[in-house]
Each structure stands twice: as C-alpha cells, then as structure tokens.
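Order-wise, the sequence lines are chains U and G. Residues in the first sequence are numbered consecutively from 1, following my numbering. Residues in the second sequence are numbered consecutively from 1001, following my numbering.
A portion of the hints provided could be inaccurate.
What the simulated footprint calls covered on chain G by chain U, stretch by stretch (three residues with Cβ under 8 Å from a Cβ of chain U suffice, anywhere in the stretch; the number is not a length) [as the list claims (entries may be wrong)]:
no. : stretch
1   : 1127-1141
2   : 1156-1164
3   : 1197-1205
In silico negatives: residues of chain G with every beta carbon more than 10 Å from chain U [to be verified]:
no. : residue
4   : I1043
5   : R1078
6   : Q1081
In case anyone wonders, no lab produced these hints; they're calculated from the structure. Glycine included, every Cβ here is placed at the ideal spot set by N, Cα and C.
Protein chains: 2
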Amino acid sequence: MEAGNATEVRPGLRERKKQKTRETIIEIALELFAERGYEETTIAEIADVAEVSPRTIFAYFPSKEDILFCDTPEIQERLAQVLRDRPEGATALDALRDFIAGSLSPDSNEARNEALRRRIVAGNETLRRNGRARLAGFEQLMAEAIAVDLHAGPGDIRPRMVAAALVAAFSAIQDHDPAAPPESSSPEQAMAVIDDVMGFLRGGLEALRHD
Amino acid sequence: MEAGNATEVRPGLRERKKQKTRETIIEIALELFAERGYEETTIAEIADVAEVSPRTIFAYFPSKEDILFCDTPEIQERLAQVLRDRPEGATALDALRDFIAGSLSPDSNEARNEALRRRIVAGNETLRRNGRARLAGFEQLMAEAIAVDLHAGPGDIRPRMVAAALVAAFSAIQDHDPAAPPESSSPEQAMAVIDDVMGFLRGGLEALRHD
DNA sequence: GAGTAAGTATGCAGGGGCTGCACTTATAGC
DNA sequence: GCTATAAGTGCAGCCCCTGCATACTTACTC
Chain U
1 MEAGNATEVR PGLRERKKQK TRETIIEIAL ELFAERGYEE TTIAEIADVA EVSPRTIFAY
61 FPSKEDILFC DTPEIQERLA QVLRDRPEGA TALDALRDFI AGSLSPDSNE ARNEALRRRI
121 VAGNETLRRN GRARLAGFEQ LMAEAIAVDL HAGPGDIRPR MVAAALVAAF SAIQDHDPAA
181 PPESSSPEQA MAVIDDVMGF LRGGLEALRH D
Chain G
1001 MEAGNATEVR PGLRERKKQK TRETIIEIAL ELFAERGYEE TTIAEIADVA EVSPRTIFAY
1061 FPSKEDILFC DTPEIQERLA QVLRDRPEGA TALDALRDFI AGSLSPDSNE ARNEALRRRI
1121 VAGNETLRRN GRARLAGFEQ LMAEAIAVDL HAGPGDIRPR MVAAALVAAF SAIQDHDPAA
1181 PPESSSPEQA MAVIDDVMGF LRGGLEALRH D
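Kindly produce the complete structure, drawing on both the sequences and the hints.
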C-alpha cells in the first residue's frame, strides 16, 4: 500500500489493466454479436479482435452468454440493497419504483451497451429465453420483499404470483416494443408506463390481501 | 395403404419400430439422468445403453435437453385445444382447471416418467431454469385466452401479468415441495391446492377488470 | 535496483454437444 | 424379387468450455 492516497484508493496498474481488458471484451463482443449475430460470433473471433487469447476470455467470463448478461448480478445486487434499505412505510413496490426511476438516468456508455444488448437478445430465441430466466433472480428478490409486505408465511404463493406478474409486465413492455427502446422515449414517458403497471399490481395486491 | 383396416390404422412396422426406439431412448435417458445426474450422463452413454448410434439420438431429438422435455410440446398442444374448444361461458381459468383435472389421472407409465423428470430437473440448476423457460409457451397460451376473457387489446399487459402469476403459482407449488410429488398426494388434494390458486387468481383478475 | 511472491495471460490437449454428408441397412409398395 | 424411400450409422469437424502446465507482469521487500 502506498501512502498519500485520497479517500478512494486508485487501484493499481494490474487492477486497472484487468478492468480495461474486461471492458474491451464486453465492448467487442457486443459489437460483433450485434453486427453478425450471437450464434454466428465465436469466442475465437472475439478473442481475435480483442487481442487476447480465447483462453483468457474464459478467465473473465464463465460462458459466452455471460459476456452478454454480465451486468445482471450487479443490478440485482443494487436492487437487493434498495429493498433492504427501504424506509419503514415504503412497500416493495415503492422501492422498486424508486429503483427504476434511479436507473433511468442515461449514462451514455451504459445506455449504449444496454441498447445493443436488447437488440442482440431480441434476435435470438435462446437468448430471449435465457434472458428471461435470468430475471428469475429479480423475481425471487421481489417475492421475498412482497412477502414481508403481505405478512406472508413461507409457503404462501401470493408473493410469488405478484412478483411473477411484475416481471412479466416489465418483460412485456420491453419485449413487445423493440421498436421503442427506453432511451428513445423520455424518462417521463417510461415512468408513466411503469406507474401504470404499478397501479395494476397494487390493485391485484389488494385483492390478495386477506391477512 | 392396405385394405381392411379398422377406423384406426395400425402403423406399419417401420413406424412402430421408430416409436419404440424413441421410447427406449427416453426411458434410458431418464434412468441414467436420475441415477448419475444430467450433466454426468453423456449422449454416448445413452446411445450405448439404448443400443443405437449417438448420431441416431440426434435424429430423434434436437438436443440432449429435449430428451428430457420432449412431452412439453404435446401437452401444450392439448392445452391449446382445450382453450380453443371451451364452451361459451367458460373462462380460460375454468378451461385450465378442467385441463389439470383431466391430467391428474395417474397413467402409470407417464406418471413414473414425470416423477423421474421432476427429480432430475430439481437436481440441476440449468435444467430448473430452462424448464421454467419452457413454461413460457404455456404462459403465452394462457395470456392469449385471458386476453379474450378480458376483452383486452393487443397492447394490454394485464393478460400477461395474470398468466405469469398463474405459471408462477404452479411453479411454486411444484418446485417448492419436492418432497411431495403429486402422485404421492391424492388427486383430490392436488385439486384443492389448485382451486386455492384459482381463487387468488380470480380475485386478482377481478381487480384488473376495468373494461 | 535485484529478487521473490503473487497474479495474469497463454498454449495445448481434450471432453462433450451438435451438425453435415456420404453410405449402409431395413421397410414398403409394386 | 425389385426398387423407392426412409432409418440408422460412421466420420470429420465446429464450437463451447475445462484442467493443467508454462510464460509473463506486476507488486512488494530488502
């Protein structure tokens, strides 16, 4: 450890290089996937363009698909945190709404990648399926939080139903309107749609609230 | 075409052999998967025990996973038919209930395979995920039928939400109680659970019915 | 600044899923 | 029987992914 570093320790050269390599791989993979299709792009090609060995790619990502979906765990962790830290009166749905609102700030780089990702996934059946499967983590998270809201026991299926409906609603919004990615519409519009969904869900939740 | 056949043409030797081979492959694959795990069982081993060439297996099934989930399309088709043919007053939920009730007759062979399948899928993360992904077809089917019930337009997300909740509910019942496979409990018990779910869903549906 | 420890990149060999193609074998209809 | 058609097979090969041994880099210590 060097002395004189500020509150944030700037990571060493090694760490920075690693981060850079990782980002390069992602960037190039997304570009190639978008350009010529996911299945049609091989690990070897990505490695070639990224100027690393194919073996190295697997040191960074457990699988080809994980290059594409690498952000999921991080986003999920953020959501988990928001749910954990929500104030006393706030429901899980409230927390989710805030989370989404907070995620709509279009960080240019992130947004660009996200748009690419969407296009790539849209163009491949398997990816669509697996992409949805990855939402299972979010669903689980929401189900747990909703269970708390509903004072539901562990065997109660209501939280899962609500969480599933929720995920389905957002999937529907995303999948079914590929012509209108969220960055093209304004955040306000996006929030309006989301509030719509929330309204429905709250209605459904009320109907299920018999505790 | 031979003359003198009854209403049902008994398929020729070729067709019967084919069917037999197909069933043998499924049977042996399920046994091996259950015995030593899905990932640990190779196509070569299945082929070996089934006394066919590995290449032949791929003539019958597009992928290893499809050996396991081979019934899904057929069941889905049956559900689609039930939904199509439901009488005027019956809702999609009613039709689904009937469909499930009709499916609970424990055909010994079918039930045995189904139990095996459940165990196999339960023991493998990827299979659980993909198994659920295969439910997307059912979800879609139900969503379409529910959309009719709700007089919902094409962009309406309510039907999807309900369908997703529905599928989630049944998944929850199946996944979360691996100790109690459906054949062990009586059909009456199973139907009681299902009616429970149906009650919730009808409640949720009512809340969404603002047409 | 040389030397060592730890971390990273790479090459190689190989397993396993899956496919296209050519070829043999078995059934069907004449 | 004899031929058209379909099923089964063997082979070569692509691709994802893994374990392992090895070269290379950065980091730390003296």
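Next on the checklist: Flag every earlier hint the structure violates by its number, smallest first.
Outcome noted: none
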